[in-house]
Amino acid sequence: MRPLAISPEQSALLDRVPNPAALRRLSESELPAVAEAVRAEMIDAVSITGGHLGSGLGVVELTV
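Start counting at 1 in the sequence shown, then tack on 47, and there's your number in this note's numbering.
Check the hints yourself; a few may be wrong.
[Claimed, not checked] Now the in silico label distances, taken between C-beta atoms and shown as ranges:
#, residue 1, residue 2, range
1, Ser-102, Arg-72, 26 to 32 Å
2, Ser-74, Gly-98, 17 to 23 Å
3, Gly-103, Arg-63, 17 to 23 Å
4, Gly-97, Pro-67, 24 to 30 Å
5, Ser-74, Ser-94, 28 to 34 Å
6, Ser-74, Gly-97, 21 to 27 Å
7, Asp-62, Val-93, 18 to 24 Å
8, Glu-77, Leu-104, 18 to 24 Å
9, Leu-104, Glu-56, 17 to 23 Å
10, Ser-54, Glu-108, 30 to 36 Å
11, Glu-75, Gly-103, 31 to 37 Å
12, Asn-66, Val-93, 19 to 25 Å
13, Leu-61, Gly-101, 30 to 36 Å
14, Ser-76, Val-106, 19 to 25 Å
Think of the hints as simulated: they come from the structure by calculation, not from any bench. Glycine included, each C-beta is placed from N, C-alpha and C at the ideal position.
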C-alpha cells in the first residue's frame, strides 16, 4: 500500500471548507494550514492519476 501525502488532520481541515464562504470564515492563522492541506491533496491525487501539478501548486496561495 502506498503512503498518502495527506494526513487525517489535513483531510479533516479540508472537510471544514466545502465552499468559498467557509474559507472566508477561517481565521488568517488557519490559512497556511489550508494551503498545505490543499497541496498535499493535489500531490496525492496526481500520484494516483498522473499529470502535471506545478502550476496548480502555485495557484494554491493565490486562491487561499
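Check each numbered hint against the structure and report the violated ones by number, ascending.
Result: hints 2, 6, 10, 11 and 13 break, sorted rising.
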